[in-house]
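Participant: Now for the letters of each chain:
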Amino acid sequence: MNVFNHESFRDDFTFRNSPAAIRRFPFPFHEDKYMYSVNIEPHLPGPKGSVYEHPIDIDEHYVSEMKDRAMVLAEDPKRCQSLPHMITAEWDMLELLMTSLAESYPELFTLNRDGDKWHWINRPLNIEERFVFGDAGTLPYGPMEYIGRQCQGDFSLQDHRDNNLWMDAGIITTQADWSLDFDVGMNFTEWHGPVPLAHQARVFERALKFLLNLQLGQPARRLNWTMTINPRLDTSPENYHKWGVDRTTVTPENVGDKVHLRVELQGLWRLPRSNAVLFSIRCYMIKMSELVTVPKWARRFHRVLKTLPPELADYKGLTRYRDTTVEWLSKYDDGAPTSPGCGPE
Amino acid sequence: MTATQLRPMRIAEIEPVADGIKRFRLVPTDGSPLLNYSAGSHIVVVMRDADGRMWRNPYSLMGPLGNPASYEISVLRVDESRGGSEFMHRLPVGAEVQITNPVNLFTINRQARKHLLVAGGIGITPLMSMLEELSSINADFELRYKVRSLSRGAYCQKLVERYGDRVKIYRSDRGEKLDLDRVLADQPLGTHLYVCGPKEMIDWALETARAEGWPEENLHSEQFGAPPAGNAFTVKLARSNREIRVGPQQSILEALEEHGVDAPFLCRGGACGQCETRVLARDGELKHNDHYLTDAERRSGDKIMICMSRVTGNSLTLDL
Amino acid sequence: MLVSEIKSRPQYPGLEPDLNARSNLVVCDQAGAEAVIEMMEKAGADFARKSTVFLLDENRAPPATSLAERMKPADTVIHYQIASIATQLAGLLQGAKMGVRVYAAGSEPLIGSAVQAAMQQGIDHMSVRTEHRGSLKRRVQCVHCKTMIENVTVNPVECPGCGLLLTVRDHYSRRLAAFQGVCINAEDPSEVPAQEVMYL
Numbered sequence: 001m002n003v004f005n006h007e008s009f010r011d012d013f014t015f016r017n018s019p020a021a022i023r024r025f026p027f028p029f030h031e032d033k034y035m036y037s038v039n040i041e042p043h044l045p046g047p048k049g050s051v052y053e054h055p056i057d058i059d060e061h062y063v064s065e066m067k068d069r070a071m072v073l074a075e076d077p078k079r080c081q082s083l084p085h086m087i088t089a090e091w092d093m094l095e096l097l098m099t100s101l102a103e104s105y106p107e108l109f110t111l112n113r114d115g116d117k118w119h120w121i122n123r124p125l126n127i128e129e130r131f132v133f134g135d136a137g138t139l140p141y142g143p144m145e146y147i148g149r150q151c152q153g154d155f156s157l158q159d160h161r162d163n164n165l166w167m168d169a170g171i172i173t174t175q176a177d178w179s180l181d182f183d184v185g186m187n188f189t190e191w192h193g194p195v196p197l198a199h200q201a202r203v204f205e206r207a208l209k210f211l212l213n214l215q216l217g218q219p220a221r222r223l224n225w226t227m228t229i230n231p232r233l234d235t236s237p238e239n240y241h242k243w244g245v246d247r248t249t250v251t252p253e254n255v256g257d258k259v260h261l262r263v264e265l266q267g268l269w270r271l272p273r274s275n276a277v278l279f280s281i282r283c284y285m286i287k288m289s290e291l292v293t294v295p296k297w298a299r300r301f302h303r304v305l306k307t308l309p310p311e312l313a314d315y316k317g318l319t320r321y322r323d324t325t326v327e328w329l330s331k332y333d334d335g336a337p338t339s340p341g342c343g344p345e
Numbered sequence: 001m002t003a004t005q006l007r008p009m010r011i012a013e014i015e016p017v018a019d020g021i022k023r024f025r026l027v028p029t030d031g032s033p034l035l036n037y038s039a040g041s042h043i044v045v046v047m048r049d050a051d052g053r054m055w056r057n058p059y060s061l062m063g064p065l066g067n068p069a070s071y072e073i074s075v076l077r078v079d080e081s082r083g084g085s086e087f088m089h090r091l092p093v094g095a096e097v098q099i100t101n102p103v104n105l106f107t108i109n110r111q112a113r114k115h116l117l118v119a120g121g122i123g124i125t126p127l128m129s130m131l132e133e134l135s136s137i138n139a140d141f142e143l144r145y146k147v148r149s150l151s152r153g154a155y156c157q158k159l160v161e162r163y164g165d166r167v168k169i170y171r172s173d174r175g176e177k178l179d180l181d182r183v184l185a186d187q188p189l190g191t192h193l194y195v196c197g198p199k200e201m202i203d204w205a206l207e208t209a210r211a212e213g214w215p216e217e218n219l220h221s222e223q224f225g226a227p228p229a230g231n232a233f234t235v236k237l238a239r240s241n242r243e244i245r246v247g248p249q250q251s252i253l254e255a256l257e258e259h260g261v262d263a264p265f266l267c268r269g270g271a272c273g274q275c276e277t278r279v280l281a282r283d284g285e286l287k288h289n290d291h292y293l294t295d296a297e298r299r300s301g302d303k304i305m306i307c308m309s310r311v312t313g314n315s316l317t318l319d320l
Numbered sequence: 001m002l003v004s005e006i007k008s009r010p011q012y013p014g015l016e017p018d019l020n021a022r023s024n025l026v027v028c029d030q031a032g033a034e035a036v037i038e039m040m041e042k043a044g045a046d047f048a049r050k051s052t053v054f055l056l057d058e059n060r061a062p063p064a065t066s067l068a069e070r071m072k073p074a075d076t077v078i079h080y081q082i083a084s085i086a087t088q089l090a091g092l093l094q095g096a097k098m099g100v101r102v103y104a105a106g107s108e109p110l111i112g113s114a115v116q117a118a119m120q121q122g123i124d125h126m127s128v129r130t131e132h133r134g135s136l137k138r139r140v141q142c143v144h145c146k147t148m149i150e151n152v153t154v155n156p157v158e159c160p161g162c163g164l165l166l167t168v169r170d171h172y173s174r175r176l177a178a179f180q181g182v183c184i185n186a187e188d189p190s191e192v193p194a195q196e197v198m199y200l
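Chains as they are written, first to last, in the working numbering: chain A, 1 to 345; chain B, 1 to 320; chain C, 1 to 200.
Just so you know, these hints were derived from the structure itself, not from any lab.
Cβ coordinates follow ideal geometry from the N, Cα and C atoms, glycine included.
Keep in mind that the hints are not guaranteed to be accurate.
Stated by the list, open to error - Taking lysine-lysine pairs in the DSBU-like style, the calculated list, with each CA pair at most 35 Å apart, reads:
id, chain 1, residue 1, chain 2, residue 2
1, A, Lys242, C, Lys97
2, B, Lys158, C, Lys137
3, C, Lys137, A, Lys242
4, A, Lys242, A, Lys48
5, A, Lys242, C, Lys42
6, C, Lys97, B, Lys177
7, A, Lys316, A, Lys296
8, B, Lys236, A, Lys117
9, A, Lys316, C, Lys7
10, A, Lys209, B, Lys236
11, B, Lys236, B, Lys168
12, C, Lys7, A, Lys33
13, B, Lys114, A, Lys78
14, C, Lys7, B, Lys114
15, C, Lys146, B, Lys158
16, A, Lys316, C, Lys50
17, B, Lys177, C, Lys50
18, A, Lys209, B, Lys287
19, B, Lys287, A, Lys117
20, B, Lys114, B, Lys236
21, C, Lys137, A, Lys67
22, C, Lys50, B, Lys168
23, A, Lys209, B, Lys114
24, B, Lys158, C, Lys50
25, A, Lys48, A, Lys33
26, B, Lys22, B, Lys199
27, A, Lys78, C, Lys42
28, A, Lys78, C, Lys7
Claimed, not checked - Computed footprint of chain C on chain B, listed as stretches where at least three residues anywhere in the stretch have a Cβ under 8 Å from a Cβ of chain C:
id, region
29, 107-115
30, 178-191
31, 212-223
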């Protein structure tokens, strides 16, 4: 894949998915209704061409997403923070991402290592860097920020101590409505605090137990989903007063174009030197008119959205436009049965 | 489901480092790169003898850190009939074993202002990699190391050479006593304590720290220890409808593994919780030898850590 | 007890004396002082002799001086601002040895500042013994402009920094010692929900 879109995730919103991007979209619903679960599975290589093929996925939106990230960070540097004791974890993350990208996309990225003298080439972003691994003075940014600016998706680093995970570092510019500046330093239970219903189902208790036992060389993944009006990546609480009003602009005529399903592919890796856990949150968006080109997804998403419990709809911010969207999707749902699994066929 | 993948390794070097203690240097048989690991990590070494008897013993990785070409462990030969360390000591250079990937249940606290390390005997092994890490990040640290004698204490000279007056050795053959309460009282606010050694030593060190007003959050320890022996009994697996005999020197986990049951494990020392199993019925009382379950969980009799614990009667039925 | 659906809402387990501590540093306001006096009575004179109390005088009943008298033989230092208590606490902890235990009782902003100061000097937050007493007032951080708003008793609250009307969430940051405030009418600025007095 050598052709990258030139598109925007703000202002004129020129973001769009090619047919190939639509086909590989990580549609998250395996049945016609949705409820929370500890839906963690091993992050093993998936089918060729799918978003699961490589540990870190780069797609046609890469260059434009990185441009948007740079803009967010320029406007608000607090989207990237690292408590001082996390420096070893930052280097672990840089190593993991660079080696992964270079191995998965050799036509785009090259990494040559001579002891701790590293030579990194990022062709799509026109970056070439020679630096000393472990010496932050030889990079233009801290290691996490350096590689985070070259990788799609948000990243957080969790320190494992006192039988919990502590989110002590992160680069977060494409979040679905949570604040890194506020949450940095919280533990797993605390930063998931505001999520309704899931706590009663002990979902987080079991997820934490699983993650505390996460092993080197055995990464895990799960999917999360929400919805966004306009393909805006930066839906942070910091800017909520700027983008919140978008939710009131949905009409029966513009659902196809404005309403987006937003899926997060979350990856979890145990890091070697720091014993920290790397958490990636990779965001994929698809507008309704693109989604319904896959008939199974059209039917299923109509049913999922229609039956979603109100507390969940509220928490995900869908309330204002849910009914309009359900109505629009109903045109594509003939009531026929849908096949199990998330795939398009 | 076992905890990790197994990697084939070869013993590249063996060095006696003290009476009854040998250092083993292990290298991958296929030349593939070894994973980096965090200070305090251990591996589980899987060994088989000619008769097919298998041991799975955890050993701390001693360093070096930083893209290691080999993993180094130290093994104390323990005279008891479980035999794992005995078997290891008889292995020659070139022998092959398997290992798990590194696992860490004894990490340094990265926010500590200072790190006070206290070792007793073979308990020095996890602290070796901690010292290397702390030294490389220029942290403030100290080691107090209790040995029976210089001939029985591994690495005394090497530690003093490398870390100078940050290391203090206490030889009990010379009656040297570690005045731990005074040492603890003198530490700056924000110091964390890490203890490894025999159970009695760990208990004493932690109690002394508490008595000196150290909060629980600053106390860390790792206990080595084979699963304690007990009476033989039968374990019934409710789901697979099997009955397996557990010998007096064997843990439930080991008995299951011997019979081809792949039960979950991680640390094999009762600390991590991975092998927690539901108890459906029992004859006699549960003997909890782990450090993981709460008092309430132990009293309830619903759960057991199969890597360390036993039953006093004739049988135990598990949800496996 | 302070109860919420939100798991990030802090719980304060209560003041328990650490009889092994070589010295005790106790932060409280006039409401929290009652909890401190109860703790000292339970722990005995030896404990009180090893204790110093930093009492925030907010000019309410009971008078700070009478509370200080009841804390004896513990020493009491009277302050008039949370910030100056935090500064003195930090100063004492700097260069201290292990064996110091910190306690905080009273309003959440006071507890939060004491825990913050302790954390900055290398004490794990779990080691600080805390008890909530008295006012429910909150410190709130505006997520939009990062302004800290003190003594918030109403919800929603107007941010003095950027003027946005904020809902006060139960989501709490220990690092910032504040609850989160998020614009309540971002989607429809014409909606102006009535202000309720919730945190007196």
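Participant: Against this structure, judge whether each hint is valid.
Facilitator: How the hints compare with the structure:
{"no.": "1", "hint": "A/Lys242 - C/Lys97", "result": "violated, 50 Å"}
{"no.": "2", "hint": "B/Lys158 - C/Lys137", "result": "violated, 58 Å"}
{"no.": "3", "hint": "C/Lys137 - A/Lys242", "result": "holds, 29 Å"}
{"no.": "4", "hint": "A/Lys242 - A/Lys48", "result": "violated, 39 Å"}
{"no.": "5", "hint": "A/Lys242 - C/Lys42", "result": "violated, 54 Å"}
{"no.": "6", "hint": "C/Lys97 - B/Lys177", "result": "holds, 23 Å"}
{"no.": "7", "hint": "A/Lys316 - A/Lys296", "result": "holds, 23 Å"}
{"no.": "8", "hint": "B/Lys236 - A/Lys117", "result": "violated, 57 Å"}
{"no.": "9", "hint": "A/Lys316 - C/Lys7", "result": "holds, 18 Å"}
{"no.": "10", "hint": "A/Lys209 - B/Lys236", "result": "holds, 27 Å"}
{"no.": "11", "hint": "B/Lys236 - B/Lys168", "result": "violated, 51 Å"}
{"no.": "12", "hint": "C/Lys7 - A/Lys33", "result": "holds, 26 Å"}
{"no.": "13", "hint": "B/Lys114 - A/Lys78", "result": "holds, 29 Å"}
{"no.": "14", "hint": "C/Lys7 - B/Lys114", "result": "holds, 32 Å"}
{"no.": "15", "hint": "C/Lys146 - B/Lys158", "result": "violated, 53 Å"}
{"no.": "16", "hint": "A/Lys316 - C/Lys50", "result": "violated, 52 Å"}
{"no.": "17", "hint": "B/Lys177 - C/Lys50", "result": "holds, 30 Å"}
{"no.": "18", "hint": "A/Lys209 - B/Lys287", "result": "holds, 25 Å"}
{"no.": "19", "hint": "B/Lys287 - A/Lys117", "result": "violated, 54 Å"}
{"no.": "20", "hint": "B/Lys114 - B/Lys236", "result": "violated, 49 Å"}
{"no.": "21", "hint": "C/Lys137 - A/Lys67", "result": "violated, 42 Å"}
{"no.": "22", "hint": "C/Lys50 - B/Lys168", "result": "holds, 32 Å"}
{"no.": "23", "hint": "A/Lys209 - B/Lys114", "result": "holds, 29 Å"}
{"no.": "24", "hint": "B/Lys158 - C/Lys50", "result": "violated, 43 Å"}
{"no.": "25", "hint": "A/Lys48 - A/Lys33", "result": "holds, 28 Å"}
{"no.": "26", "hint": "B/Lys22 - B/Lys199", "result": "holds, 22 Å"}
{"no.": "27", "hint": "A/Lys78 - C/Lys42", "result": "violated, 46 Å"}
{"no.": "28", "hint": "A/Lys78 - C/Lys7", "result": "holds, 24 Å"}
{"no.": "29", "hint": "107-115", "result": "holds (count 3)"}
{"no.": "30", "hint": "178-191", "result": "holds (count 8)"}
{"no.": "31", "hint": "212-223", "result": "holds (count 7)"}
Figure legend: structure checked against the earlier numbered hints; hints not met, in rising order: 1, 2, 4, 5, 8, 11, 15, 16, 19, 20, 21, 24 and 27.
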